[in-house]
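Protein chains in written order, with our numbering: chain A, 19 to 162; chain B, 498 to 946.
Hints are supplied without guarantee of correctness; some may be wrong.
[To be verified] Distance ranges between label pairs, derived from CB positions:
1. His520(B) to Ile144(A): 43 to 53 Å
2. Gly572(B) to Lys67(A): 21 to 31 Å
3. Leu137(A) to Lys515(B): 57 to 67 Å
4. Thr113(A) to Asn575(B): 45 to 55 Å
5. Glu864(B) to Asp111(A): 13 to 23 Å
Calculated directly from the structure, the hints in this document are not laboratory data.
Every residue gets a Cβ at the ideal spot worked out from N, C-alpha and C, and that includes glycine.
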Amino acid sequence: MNVKQNVRKILLIDSNEILRIYFRDIFWIHGNNNLYEVEVVSSFEEAEKKLEYKDSKPDIIFLDVVMSIKGAKNSIENEINRSVSFIKKIKNDKTLSDIKIIIYSDQKEKAIKDKVAELGIEGYLIKGELMPKEIIKFVDKIYE
Amino acid sequence: MSEIIKTENLNLWYDKGKPTEVHSLKDVNISIDKGDYVSFFGPSGCGKTSILYAISGIDRFQEGKVFINNRDISGLTNQELAIFRQTGIGIVFQQFNLVPSLTVLKNVALPMLFVGISSEKADIEARKLIERLDILDYIDRYPFELSGGQQQRVGIARALANDPPIIIADEPLGNLDSVNAKKVLNFLKELNEKDGRTVIMVTHEAWSLRDVKTIFHMKDSAVTDIQKVKNTTTADSISKHLNEQLSYMSSSDDKKEEYPEEKISARILANFLLRGYSMDEIRRFESFVNQRFENKIDKKEFHKFANMPFKDGGVGLWKKKAERVTQYLEEILEEKKNVEHIYGVLEKNPEMSIFDEILSIRNWVLEGYTGKITPTQAAALDQVISDRIRNFIPADKVVELLDLSKNKFGVGLSFRAAQTISEKLELLFSEDNTEINTETDSKDFEKKL
């Protein structure tokens, strides 16, 4: 069992640096510091490293569905597919499948929402539609 | 109760290591509990504004630590500090600092746009705040259509935009009549008692301390006494300090000699001419004004220092601004240097704050641009202009930021438009005598000169 059982471990994957700082700040500024442990990474590769160890395995992952990667073929379709296969990988891995996945994106298209909805995600949040405290409330509800 | 702010051996110098060095905070060790209502109180120049600026990450301190919710902010990058200021702290300014080209609604919504909240959502949240401040009737008005009291309420609504747990009020009553000042005090009290926010006020007026729970008395850049206000009235409990302060200000002993009228004049001028600039920039400017007053430097040298990049020891004002303020100073020098006279000159010939200045530059660079600019884009463009005229970013970064998509906090212009605007902007900085040949603009600048 994890020793720090009560700490709420959250991982954000987003290629936008400003958003990563902002997301971390939300929990630092508004949250109870001892309650949340927020990690932010910019790529799926970095995220996968965090998943390898029990200590850094998160309870919740926030990720965008559309993130361009340097040196890769970046089209909306490719980007969505990359995110989908990342989610599937987690959901198909017994040691990881209990991680809650939340899409945190600016993509509002129904087709995209439908595509990820069937993967068993915990929520689909639109970045621009949530005030800082609303994000914390959403997380707190998951733990209730 | 847990502490929301703590400082450890905080030391801040302006212009450290230079002849103009000012040691503005000396070994400050304080802690502020969550939900407290505190004030830094003391005479002009005692360091109270510096401490606000250090806590809110506006000014970099050279020694010591500042913890916000147990996290040390001294190691944060400029970008991290900028985002921290948007999310963690709401600042209410003495001069309101509203954006003149935006309506009340858009002024309040602006800080939300900076952290990526959509304009629809920001408008909804801004409307709630405007309603709370009881200024819904003015929601579509522009700042110049409002009284000082109304503008300050817009300023408070804007400070609350991202729902920050800490509210900082820097001499919030300075420009208000007594009725409006009382309204602002009542509101600060409500933010503290009803919302549970931590409120920090800087003031030099004893009567405005009436609701404060903790008073940090400051003198000569240090916190000299910490006072918990309990059952006795605030006015009673601070009378001792106030009397000390009054006798200090009015005494004719040698202490007063440290603040001759010329120095006070320099400070007033610096604060007024550089409204909207950082304390670092203002302090350095003030030291050059002092040197000019004392005739240690001539007009040409003053202009050179005003224009020279900040990192090289100057104030970093852009060309035209440096020219204007130099001219102002000469006008004042030709006559008298007393405070009354300065107010007279400034009243006749008001200098633009940096916000108005950015607006006039923005309008100028956008002349001939046929596309549509949304308020968000305008705000992002203003940020780029401000960063450029203050030399925070190099010329080539301007094109990149103008072209960068809105989702990535850029302005989102086409590459061609970005390049045109950037080239135009650079004309302001060119060393040759390229004159700005837009009619309205040159007129505007002449008027100011």
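How the hints compare with the structure:
no., hint, in the structure
1, His520(B) to Ile144(A): 43 to 53 Å, "holds (49 Å)"
2, Gly572(B) to Lys67(A): 21 to 31 Å, "holds (24 Å)"
3, Leu137(A) to Lys515(B): 57 to 67 Å, "holds (60 Å)"
4, Thr113(A) to Asn575(B): 45 to 55 Å, "violated (40 Å)"
5, Glu864(B) to Asp111(A): 13 to 23 Å, "violated (58 Å)"
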